[in-house]
Every structure is written in C-alpha cells, then in structure tokens.
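A.B. asks: One line per chain: the protein sequences are A and B, in this order. Take the first sequence: its letters are residues 1 to 511, numbered as in our numbering. Take the second sequence: its letters are residues 1001 to 1334, numbered as in our numbering.
There may be inaccurate statements among the hints.
[Stated by the list, open to error] Mimicking DSS-like on lysine-lysine, the simulated pairs with C-alpha atoms at most 25 Å apart in a straight line are:
no.	chain 1	residue 1	chain 2	residue 2
1	B	K1323	B	K1006
2	B	K1006	A	K401
3	A	K401	B	K1323
[Said to hold, decoys possible] One-sided and incomplete, this derived list gives chain A residues near chain B with beta-carbon spacing under 10 Å:
no.	residue
4	T334
5	A335
6	I336
7	R337
8	T343
9	D346
10	A350
11	G351
12	E360
13	A365
14	G371
15	R374
16	G404
The hints are simulated quantities; they were obtained by calculation from the structure and are not laboratory data. Even for Gly, the Cβ is constructed at its ideal location relative to N, Cα and C.
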Amino acid sequence: MPRVAEYELVELRGIVKTFPGVRALDGVDFTLRAGEVHALMGENGAGKSTLIKVLTGVYPRDGGTMTLDATEIHPRTPLDAQRLGIATVYQEVNLIPELTVAENLSIGREPRRLGLIDWGTVKRRGKEMMARLDLDLDVTLPVRSYSIALQQMVAIARAIDQEARVLVLDEPTSSLDAAECDQLFSVMYRLRDQGLGIVFVSHFLDQVYAVSDRLTVLRNGRLVGEFETSKLPRLELVSKMIGKDAEQVEAMDHAPKARPAGDHPVVAKATALSRRHAVSGVDLEVRGGEVLGLAGLLGSGRSETARLLFGIDTPDTGTIEINGQAVTTHNPRTAIRNRIAFTPEDRKDAGIIPDLSVRENIVLALQGRRGWLRRIPFHEQQALADQYIKALNIATPDADKPVGQLSGGNQQKVILGRWLAMQPRLLMLDEPTRGIDVGAKAEIEQLIAELCSEGMALLFISSELEEVARDSHRVIVLRDRKQVGELSGEDIRLDSIMSIIASGQEAAAHA
Amino acid sequence: MPEALKKLLWPLAALGVLLLFNTAMNPAFFSITISDGRLTGSLVDVLDRATPVILLALGMTLVIATAGVDLSVGAVMAMAGSLAAMLLVDMQAHLSAVIVLTLGVCALAGLWNGVLVSIVGIQPIVATLILMVAGRGIAQLMTDGQIIPIDSSPGFAFLGGGTFLGLPFTITLAVSAVVLTIVVIRFTALGLFIESVGGNETASRYAGLSVRGVRLSVYTFTGLCAGLAGLIYASDITAADANYAGLYLELDAILAVVLGGTSLMGGRFYLAGSVVGALIIQTLNTTILMTEINGASVPVEYNLVIKALVVFVVCLLQSETVKQMIMRRRAVHD
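Build the full structure now, drawing on both the sequences and the hints.
C.D. replies: The structure is reproduced here in structure tokens:
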C-alpha cells in the first residue's frame, strides 16, 4: 500500500485545561502524524473529549502549545479549526435529514451564480466529494433515505472538504453494524493513504486494533502513554486504561459463570411471537436465576423482541406468559406491574429524563407503580437514591444533579438503579454497555452476574458478542428477524454464535 | 440555594424594579388606606386585577411543563361568563349550582383539549386553537351576541367585587388557588410525573407513567382555572361579555409562565414564578396607566408597545445566552 511519508502533523505539548473545580487535562502530550490512524483511548473522565475539544477549537486551552505543521495555532471556534484544516465528525450525525446529500454537502458554502444558488454545481460538487471517499451514491436523494452509516460518510465528506489535514472521528461506529463499520474503515484507510491524520475515538477495542496504527492512552486527565497498536497486547491496553493490573483484568474476563439452578420458575415465556417488520416466530422462556442472551446483528430482531415482551409494541400473533399467566393487555405499565423492567438501547431518547435529578430519575418507575397519590416521602427518595448511587458506584456529587449532566456510563447506572428500586423479577437490558467506558462496562457485567445469583431473571442484548457469550447461561441467536438457534452452557462460545449467524447468511445467499 | 428559589430571583427582581419605578413616579404608589372597611391602594389594586391571569397561569404552567400549550383559556373564560349568565338570569338557578355547573363545563372543555392532544394526537397549539375559536363562538351563541347584565345575585357579585378580611375577595381566591395547587402538585407525585412527561415522553412511558393520564389531567385543570377566572371577570363587570371576556388573556398567561422561568420546551416548572410573572404583567398595566409625564398621563395607544418593551427586557435578562455574554464581557474587563 503506498503510504505518504509520515511526519508530525499535529503536536500538542503539555496541554492544560481546567474547569471550575476540575483539572480536566493536566499536561497532556499528543502527536498525530500525517497518514496515520491514531486512536485516543481512556475511560470516561479520562480527558478524551476535552482533548478533542481543545484540538477542534471548542475550548481554548489554558496552557501548553499546539502546532499544526510546526506552526503554533489557537483555534477559537470549530469553524476556526476547520479553516486551519482540522475537521470533526461527532457521534451524532449533524446533517439535515430532509435535504438532499448534495445540499447537505454544500450548506453554508453554496456556489452562486448571479446571486442565485447554482444547483448544477451543487450536484456536481456533491458527487465529487463522495467520490473522494470512493462512494458512488445518488446525491439528489434526501439524506434520511440512506443508512446511518452512509449518512456518516456524507458527514465525513462534508467535514474533509476544503483542504482538511486532520480528521477527528468521535465514536463514529457506535450506531453501525459490522458491515457498516468495515465500510467506514475502508474510507478511513483511503483518507489515511491520502495523507490525512485521523484521530479515532472508540469504545470498541476490536475496532481500535483493526484500524489504528498508534494509540494514546489518557487517564484522569493525564497522559499514560503513546503506543504502537500492534505491539500493545489487548489486556495491557485495558489495564492501562482502567489503571488496574493485568491479573485483575484477567479475573474480570473469566469470572466463573454461576450455573442456573433448575428449580427457579419461568418468569416470562413467549410462544410464536410475531410482529410485522419486527420479528417472526420467536419462542423463548427465561427463568429466575439465569441470563438469557439475545445475539444477532443489528436489525436481527433483538430489540424488537424485548419491546414486545415489555409491551411497547403489540404482537400481531403469538402469546406472552408472565409468571405462568397469559398476558392479554400488554403495555409498559402492566409489564412493570408484573415486575418486568427494561433498559432501552437509546438511553438519551428513551431512558433518562435529562433535566430531572438523579434522585427523581431513580424513583420514577417505583413512583409510577405506586400512582400519583401515594408520593414516596422525600427522605425515602433520598435514601433510595443514595443507596443506588453507592451500590452502583454512580459518579455524581449528589443526588440532586440533573442526570443529563452525567457521563453515559453513569446515566446507564441511574436507569439501572431506577429498575432495581422496584425489585424486578425480569430485567431486560438492551445494549447496557454501549458507549460507556471499560470500567463501567465491567461493573455492569458484574452486576448482571450478581442479580442473577440472587434469583432475578435477565434478558441481555448486546452487539458485542463476547459479552453475550461471557455473561449468558443460554443464548438465542436471531437473524433477519427470525430465531435461528439456541445455545446453552459450554456451547456458548464466540465462534459458535458467529457460526450460527454466519452459516445462516450463507444459506440466505444461496437461496 | 435550591434551583426553584434561584429561578425566582430574576422575576422578583423585575417586579421590584417596576415597583420602585412606580414609587419614583408616584410617591403615593405604596400608600394603602382604609375606606369602607376595605384596604385600598395601588398594590391592592394590582393583586385584585392580577387574579384572572394568576389563575390562568397556574393551569398554563402545568400544560407548558408537559411541553404543551393551551390557547383556549381566554375563550373558556368567555364561556364561563355566558353560561353563568344564562343559568342565573334566564333560569334563576341557585348560585352554588351555577358555580359547580360552570366550573364542571369548563373542566370538560379542558378535558376536550386533553383528548385532542393526548388521544387523537393533534399538536397542542392546533388542538387548543380549535376551542379558542369555538369557545368564544359558543359563548356568543349563548348570549345571542349581547352583553348580558348579571345584577340579580349579590352572591355572584361577591366573587369578583366582594370584600373579605378587609381585602378584595379575589385575593383570597387567588391565594387559595395558588396554595392548593402547589400543595396538590408537590405533595403528591403529580409534579414529578408532569416534569417527567415534559422532559422525556418516551422515557416516561417506558418507566410506567401514564403519559395520557398526565396530559388529560393538566388540560382539564387548565379548563377549570379558566372557568374560575371567567366567573371572577363576569362578576367584576357584573355582566357576561362574550366578545371581550378573556380576550388575549391566553397570551398574558403564557407570558406570565415564561417570565416565571418555565421553559416552553417542557420539563421543570415554577408555579411561584408564574404567579410573579402574572404580577409583573399586571403591575406593568397599572404602571402605564398611572405614570404621568409633565403632568399628562401616557396616551393609551402607547400601552402595548411599552408592555412589549418591558417584557422583551425581562426575557433578555433571563436568557442564558445573554447572561453568558454579560459574564464574558465582565471577565474581559477584569
């Protein structure tokens, strides 16, 4: 592969950034070479976001130097940084869904002729910009008609226009499936080979190893070190990120799986559950004291199954039994009355009430079940909140902090606290570990094991198959909205799950 | 300092400035005298006249907290007046029956809004626009488009014009309504549910809240508040005036809520703030009426423009963006 000669494109030395009461960055160095993908690693609170915001002009730095091509720079706004050649694509795609691809690509810099927008040039330029990523798509269609992955490509194309030298990708893969990730990675390689320096932030270790040339690890606002990705064993990386030694991480990974006791009753049972455009023919049962994993690719029907069980959607056909009783009217309220709990995958849109405090978010479901008249007395609310802040290790100064101001991992823990407060029999977790840091991930996985050993039934959904394999006693594999296999005990291995998913795909291809 | 108190600071400051301005222009502004066993003075007057908007603002606060709005409250006030006139004058009904029936009908009118918003799924601004138009129309039909004098019932006249504890009875009504609402909202879980639904509807539903129930109850409550405001207004002018009763008061009510610090996006709400907001609006009305420049009062046609200007300034002071701009400027000077 022809690679541009690497040289130091961006150098950050001794960067300091303080906020009232917090030293978010404490003398951090970071070097980005031209023609490399450089991963920025660290737990939440490590200073990744702050470093990126300093680099892209969102925050001014309080100390240290920053050079681009050996010239000192002081970007004051993201636009300023972009003019200097530092482009950013954030986690949430910032495009206007109703406008066409070409229009989105030209927003704010429309080519004009006689004062009017030159639509011919808009289209041609849009096409050229996408071609730079080796993508050929119809730029006259609205952005919303494309998948999230392609929308992200459009955002990238938009960002790197105008002589970008540096591309910052902040959690770009969190809503992509495996195939879409590959698509994104090939675009990243292509841009790297054109000589761009790419900063890649991701919680997925696999992706970091697949795509990055070097990586920088931060912890608590300080630099831990800079490494060549291929020479740093995974376990060592994790231990550097969380500040625990390798043996502890090893122990975490191979936590002994508690065997499900056979005499627990069935909490939930679904028979031939189907809903158009969601799933068809799902049969499952989950007992107290066991973790049932749902594995499959994005869109395979995992979340859809959980939504049916929780009563968010109504099945077209099939039956649901809770505690041995057939369910007729089913909505979240009745599900909660039957002590079923569900943490949805889109934490921001369907989980937290961002303006309300940690305390209010925690008591919400319990209060909802008690009704509006029997308000939980304030001191009990406070006690509940304190209990779960402590038990789940939620990092918040106090229970009055609005949940929207906490990090993703802590928000997830607050939602978990909300459900644990009502002592559910079945807890369904849809992507509980998505977008949260390694430490919080480990804590949530440990919590799953603990709750299970206390006799709770758990339904666990994750895109990270290793997690499903590691934490489940039984795994149901879904593909293309159908149930295609079930594994239990020793058969639950990453390779066995993947082969069921993959073999089906071959079969589908031959059909 | 608790968030709710902090939110109350700006509206209170604005009210204070307005009051100070009044004393500067008219030293007698704060003077209160006793005549006919009743306290009289500009301050009493402000409280008395602010009552309808305070009542409307109570309901409006809760509706806005659920990320909704109710444009029909002015029209419901007109309905209340016309219905009361019909029952009292034409049917000679007993006063208590008149009050209960009128408030019941107005609550139903609010429920209608709630049904349109939460069950039919129409956007609040459109759904309540329907009753804003229809309500006044119905009020006009009930009175054949005439102003109906209500002078047969001293009990009815007491509502808006009576004296109780040396003060206009309206003040007792307003204070009771405010206290009762705050107690019911904050000592039950309703306040939490309303803020939760306004803050994130989907998440509230997933947490097992009855989003529909919350919406139905706040719109119904707003109808009830508008009904009471309508009765007070009709009693005050001792007539049912379907054309002018409550006209544009929905806008004053929304303004009071916004001045009080509740966001139109929904979520956190501040009932006390809304009350202060309503007082700001009424003080402003009084200020414009009473202020004399070179011995001549301000011509009536300036009222709306002056009111808009003051509201604009208060909103600027409350805006986070403006606050940050001022802070930054100050930081630079330091």
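A.B. asks: Using 10 Å as the Cβ threshold, decide whether D346 of chain A counts as touching chain B.
C.D. replies: Hint holds; D346 of chain A Cβ to chain B Cβ min 9 Å, cut 10 Å.
A.B. asks: Return the status of the interface hint for G351 of chain A: holds when the least beta-carbon distance to chain B is below 10 Å, violated otherwise.
C.D. replies: 6 Å, holds
A.B. asks: Using the nearest Cβ pair, does G404 of chain A come within less than 10 Å of chain B?
C.D. replies: 9 Å, holds
A.B. asks: Return the status of the interface hint for T334 of chain A: holds when the least beta-carbon distance to chain B is below 10 Å, violated otherwise.
C.D. replies: 9 Å, holds
A.B. asks: Against chain B, run the beta carbon of E360 of chain A and see if the smallest gap drops under 10 Å.
C.D. replies: Given a least distance of 6 Å, the restraint on E360 of chain A holds.
A.B. asks: How about R374 of chain A: closest beta carbon in chain B under 10 Å, or not?
C.D. replies: For R374 of chain A, the interface hint holds, since the closest Cβ of chain B sits about 8 Å away, which is under 10 Å.
A.B. asks: Can you confirm whether the C-alpha distance between K1323 of chain B and K1006 of chain B stays at or below 25 Å?
C.D. replies: 14 Å, holds
A.B. asks: Would you mind confirming whether the straight-line C-alpha gap from K1006 of chain B to K401 of chain A stays at or under 25 Å?
C.D. replies: Distance ~15 Å between K1006 of chain B and K401 of chain A Cα, so the pair holds.
A.B. asks: Take the shortest C-beta to C-beta distance between T343 of chain A and chain B; is it under 10 Å?
C.D. replies: For T343 of chain A, the interface hint holds, since the closest Cβ of chain B sits about 9 Å away, which is under 10 Å.
A.B. asks: Quick one, is the R337 of chain A hint okay against chain B at 10 Å, beta carbons?
C.D. replies: 8 Å, holds
A.B. asks: Quick check on the hint: A335 of chain A CB to chain B CB, less than 10 Å?
C.D. replies: 8 Å, holds
A.B. asks: For the restraint on A350 of chain A, tell me whether the closest CB of chain B is nearer than 10 Å.
C.D. replies: With a closest approach of 5 Å, the A350 of chain A hint holds.
When held up to the earlier numbered hints, the structure conflicts with none and fits them all.
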